[in-house]
Amino acid sequence: MPRCHLTRRELIEKCAALGVVVTATTLPISAIARIWDKSEVHHATPPNAFGPFYKKHSPQGRELRMAGDTGLPLTVTGRVLDTRGEVLENARVEVWHADHFGKYDIEGYRFRAQIPLEGKGAYSFDSVMPGHYPDRVCQHVHFLVSAPGHKTLVTQLYFATDPVFEGDPDKNFTRDPLLKSRELVRPVVLTGDPKTMHAAVNFELCLERL
Amino acid sequence: MKRCRFSFACPVLAGIFLSIPLAVIASEPKLETKIAVNEEVHFTAISPDGKIAGAMKGNKIGIWSIADAHQIQMIELGAERPVFFDFLDNGTNLMVGLLNGKIQLHDAQTGKVLRSLDNGAPPFVVRVSKDGKLLAAAGGDREVHLWDLATGKMAHRLALELGDAMDLAFSPDGRMLAGSSEDTNIYVWDTNTGAVKNAVRDLSLTTFGLAFAPEGKWLFAGSGDYAIHVIDAGSGKVTRNFPAQKVPVIALAMAPDGKSIVAVYRDANAPFGNTPILLWSTESGEVLKKNDSPELKANGGGFLSDGRMVYSTMNGKELQVWSLR
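Going line by line, the protein sequences match chains R and Y. Counting in numbering that gives the first Met the number 0, the first sequence runs from 0 upward without gaps. Counting in numbering that gives the first Met the number 0, the second sequence runs from 0 upward without gaps.
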């Protein structure tokens, strides 16, 4: 028998429908349920522009970086959740970005991949820090995230270390007219000495239910 | 690729090059006029009668006489940044799309606003059907808005699966609207019902230019994959492909007789680079003419009603309008 996932809100509403719950207020059951349910609501990841460089049929894989690639090694990790905080194990995560020099691979699939999930909604991939595309302000990685029963998320990841922000993304994130949400600018953890430096970013992807 | 919204290349470009001149490649161009615009402009339009040229300058649109470079009008748009404009009604009127979502119709001579539609989202691409009855505009995230110009009401919200519209094209009879999306799909809608007639999902990269052949059966799609695809609008099937070139197609224009089509190309990773132009035979799929000068950076143009073809380029802060017979 399939497992039944009910939110507190759904549970309350069902109980009310069955007469199990009686309220002493004039609020409708749905309103009470919404108030109770609020504590477990996660904020959906803000959407961002799709952009014109998407290419269908990207290969599966976590290793976007190849030996000899120029650029700061970058690892991006995160989980795919819904707004109730439940992990979405059947999610599909696709990423694409420019290379270190700000160029997109049009002819092939460099720095493009469908990222297989690792269980419990976790994802990770290794790449290089993207460069600045000539006509965009910020470095960015495109994400296309889908899961059955959820609204497909199209968004972009930005980096707090981007020189465009001059060390103050809170103040300067609007320098990129496409960047509407500060939330999409993620902290970058730099490790290693200057010769072996590596950047790591965590980017949680939270989808809205349909 | 540049879209106006990023000042990125190309819906603006899609608009600009929608009617790029054929004859630019056919013979030596004649310099019609030099207009001092005092800044580099990336988006221009030329009226179908060939008498006036317009250029976007920040929050203004300037209009000049091509005959004597005299400035006719400088339309001030206040705080609103234009993201699209084109001449309508043989140059009598000017259609302007604003970043705040408004689509305004201006008298080209006086600059007066004659009409305004609230598109609700920045109209980076706007097209009007040949009979002037319908207007289609990019409607922001995952939508195209189809307006009935007789009533001034939005007739249909046409859904895209993902992304925004990159280009739009009405069939010559206005019964179909084609739209390409950032998600690489092309949709063909019935303009009467708003229903999707066909969706072309076979292309792996975005289509930046769309053009119907005069009889309305064939839809030509200029793609980011460097090729032109010929689509049967009735079935949505890609039936032919013109050979891929070295860089993406950023715009298409169909000759009035349908015998040839012009494609404008540009390196996706060089949004300010040159714009090779190829003239293709629609029948044989062969290149008839070619202009791939590294100096060529056309930023607008079109077929004129008298048969001439014109295009514009920048020379420093000077807008140059060229014509060919």
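Check each hint, because a few of them may be wrong.
What the hints assert, rightly or not - Beyond 10 Å from chain Y on every Cβ pair, some chain R residues (computed):
| # | residue |
| --- | --- |
| 1 | VAL40 |
| 2 | PRO46 |
| 3 | PHE52 |
| 4 | GLN59 |
| 5 | GLY67 |
| 6 | HIS197 |
Said to hold, decoys possible - Covered stretches of chain Y (in silico footprint by chain R; criterion: 3 or more residues with CB under 8 Å from a CB of chain R, positions within the stretch not fixed):
| # | stretch |
| --- | --- |
| 7 | 175 to 185 |
| 8 | 263 to 272 |
Treat the hints as calculated values from the structure; they're not laboratory data. Keep in mind it's a predicted model, so treat the numbers as computed, not measured. All C-beta atoms in this analysis are idealised placements derived from N, C-alpha and C, irrespective of residue type, glycine included.
Okay, the hints, checked on the actual structure:
1. VAL40: Answer for VAL40(R): holds, closest chain Y Cβ roughly 23 Å.
2. PRO46: Since the minimum Cβ distance to chain Y is about 7 Å, PRO46(R) lies within 10 Å and the statement is violated.
3. PHE52: At about 7 Å from chain Y, PHE52(R) fails to clear the 10 Å cut-off, so the statement is violated.
4. GLN59: Since the minimum Cβ distance to chain Y is about 16 Å, GLN59(R) lies beyond 10 Å and the statement holds.
5. GLY67: holds (20 Å)
6. HIS197: holds (26 Å)
7. 175 to 185: Held - the stretch 175 to 185 of chain Y has 3 residues with a Cβ nearer than 8 Å to chain R, which meets the minimum of three.
8. 263 to 272: The restraint on the stretch 263 to 272 of chain Y holds, since 5 of its residues have a Cβ under 8 Å from chain R and three suffice.
Comparing the model with each earlier hint shows violations of hints 2 and 3; every other hint is respected.
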